[in-house]
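Chemist: Use these hints to put chain B onto chain A, whose structure you have.
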Amino acid sequence: MSDEYDNNKSYQAQSSEVMDGSTGSVNPDIDYVRPSEVGEQELYHPHSFIEKWVFCQDAKVIGVQYFLTAVFTGVVGLILSWLMRLQLGFPELAGFMTAEHYYQFVTMHGMIMVVYFLTALFLGGFGNYLIPLMVGARDMVFPYVNMLSFWMFFVAVAVLMASFFVPGGPTGAGWTLYPPQTILEGTPGAGMGILLMLISLSLFVIGFTMGGLNYMITILQARTRGMTLMRMPLTVWGIFTATVLAMLAFPALLVSAIMMTLDKVLQTSFFMPTILKAGEVLEYGGGSPILFQHLFWFFGHPEVYIVALPAFGIVSDLISVHARKNIFGYRMMVWAIVGIGALSFFVWAHHMYVSGMNPWFGFFFATTTLIIAVPTAMKVYNWILTLWRGNIRINVVMLWCLGFIVTFVNGGITGIFLGNVSVDVPLSDTYFVIAHFHMVMGIAPLMVIMGAVYHWFPLVAGKMLDEGLGKWHFWITFLGAYSIYFPMHYLGFIGVPRRYFEMYDSPYMTSAVGMNEFISIAAFIVGAAQFILIFNIIKTLKTGKKAEQNPWKANSLEWYTSTVPPEHGNFGERLPVVHRWPYDFSVPGAKEDYIPQTTAPSEVIHTEVEKT
Amino acid sequence: MHAGIIFLLVIVGSILFHIFTPWYWTDIASNWKGMDDTITLTFWVGGGVFVAVCLFMIYCVFRYQHKEDRRAEYKPEDKKLEKILTWATTLGVAALLAPGLIIWNQYVNVPKNAIEVDVMAWQWGWQYRLPGKDGKLGTTQVRNIADNNPFGINPDDPFGKDDIMVESDVINLENNRPVKILLRSVDVLHNWYVPQFRAKMDAVPGTVTFYWFEPNKVGEYEVLCAEYCGVGHYAMRGGVEVQDKADYEAWLGEQETFEQLSARYEKLNVDGNKLAKK
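Protein chains in written order, with my numbering: chain A, 1 to 612; chain B, 1 to 278.
Any given hint could turn out to be false.
[To be verified] Cβ pair distances, simulated, as ranges:
#1 A:168 x B:268: 38 to 44 Å
#2 B:148 x A:342: 52 to 58 Å
#3 B:27 x A:468: 38 to 44 Å
#4 B:112 x A:168: 48 to 54 Å
#5 B:6 x A:591: 32 to 38 Å
#6 A:168 x B:144: 31 to 37 Å
[What the hints assert, rightly or not] Incomplete in silico selection of chain A near chain B, CB under 10 Å:
#7 188
#8 363
#9 428
Since the hints were derived computationally from the structure, they do not count as laboratory data. Ideal Cβ positions, reconstructed from N, Cα and C, are used throughout, including at glycine.
So here's chain A without its partners, still in its complex pose (with noise of 0.2 Å):
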């Protein structure tokens, strides 16, 4: 499974460049790893308070911004949905609220929770946190560009924030902001609104490619030694191929958002045909609307990946070391989420079968869509079979991935519906779209930063998050997002459309009034249940147990840093050496259940293990 290691090379001459620092060894030749061919990185080491919390070039403490920034927007974006479930369950307790905030509310809670939270969490604060520790790297590449980048993110967040306290609020276009009603009168906040939705677009992809661009590098360039691309985590596969997605789907948004602004401010009809509104012909004329429908989606569909992959590649680490098990295929795994990756740039138009474009294009867009159905069964089978066999640990970190498995692959099975393209005819525009991607984008990937949470806090925090409160998240989030989700596909099987503010007077809509209060208040318990994590942090960073280096007896190099938490610089005098992929659990010989990616061959030379 190597790429740089080669078997038939005599290593005699150069055996005296081993340097891993493994004592005792048997035969050195067999722990040969090749010396790194550029010195080490330059760190600029913080001076001032601000220096080390506020611009800091550590991408662990980037992380963490990025990660309290993100979780910020998310918890707003709770809120609008909160307000939104209200409308729709409960009307009469919702007087304040007119059609125009309702439409608000969905534009932004979409907005919010696809880029601002789901993106920025798995990139810029798990992928700013993990990546150089488990490639083996002292930090990015580019840390001052890696700065830059989130606080780019930031003014982001505040421009979009703004939004809410202009003149005439924030946009209510809905999230896919389709022109022309996007920048019309008609559409909630068609002025400053969406002006600033478009400027804040525009400062995300800006941030977010300078990030970008730093886990790219760092992954391809900043390996230590042995660390070859096939020993590395799934989580650092997902999170890379995740990133070559952003990097080549993001500009596509920038471009639309440009355009869009153009057609505001100076007229421009790059998406505007002749329009007749209020019995005036407008200025605009030529333009088509369904092409901003084809550069979003170029974006939008990738960027389901972009938030899916991190999660794929995550979830399969915790997976494999809480189930004491290899995970199961590994290079299928590998190939899988690069072929994902790849495909996810020959689908866009799947959300468009009934845009009116020329319905010729729904054949091959229905057929590359059922494609990517097979590398991504692939995966959901490796999780199983990874859990089959093992020795599983039913705690609070496998529980969130055996949730995710249960809602990503009943939200993945739906996609097949509305993959199809004739399928998708009766079902597009209706509840069972929502009820798709929230289960297969939304609570699925969010069952993974749970997990990630308890399983990385130990490391981040150098404390143990209580595990009975964790259950307790657990359970009341799992069972009630499932009971919000799953009920909702049968909405849009009676034909109720989505963006409705209200419509329940159609005869055949009446009894879908009972689910609606029923689901609003699976919806108030979920967001409530979240505020456990929250008060769960605090009394651990309080009174929390300490925890030991290791404490999940993982193999991956983020847990042999030379303290808990990881200083700047992350590893100490000596980067580590890597001697194999990190998934060595339960090897027949070994003492352990598991062998660290540190661990020389000559150190387990009487195990059976695999050679990686």
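Modeler: Here is chain B on its own, set in the frame of chain A:
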């Protein structure tokens, strides 16, 4: 072993919910039964996979719970198993895709005998136009739209004169006769959607889109806008009345042509001018 039991209950609950749900699709009133059938097929195959995967996971949770003295199996790969699973999945997916594409092929090929119905959408309402005796709709332009020309029909287009203008947000359709819905919008995206007909398509300003169906149940149906179109989206309703041939033709006879409508406005105008002069 609480965790496994709760997960098991979730799966059993999901199956029971599906069997006993009072919430399911409306009675179909068009020819697109194939869509419903493909949904049902996808439900069986997909639902089967979902249940199988979850039950296997739950089995593992019960069977391989952590014990200090036990070790997991060490077997990084199983090429044969992976190959079998890949091919089985590919076959399953192809089996679902095939009927989907066959029905899509029907959806994009409109039958020759379909009657055209021109649906015009605006914020926030619907209007309809039918071809007159010549069977052809007149060409239109947004800039021509006025009170006396709600569709913007080009005045010098001979095909436009006899077009039938339906001055209502309810359109009548003949039972068992295919309809080609032509969709136009004067301002933003809309979507003319009747859940019982299953079919839908966006109306896009600047272009004409279409879809077709064959109503097969006499009755009244509600039209919903299914593409977000601004703050009045949820209130943008219309109606369809499917009638037998005789009723339909009687209704058709009562409708005004474009020529008649223009004449009526001209008369109004002349009368108005006379009034003004007095």
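Chemist: List in ascending order the numbers of the hints, as given earlier, that are violated by the structure.
Modeler: Per hint list: single violation, 3.
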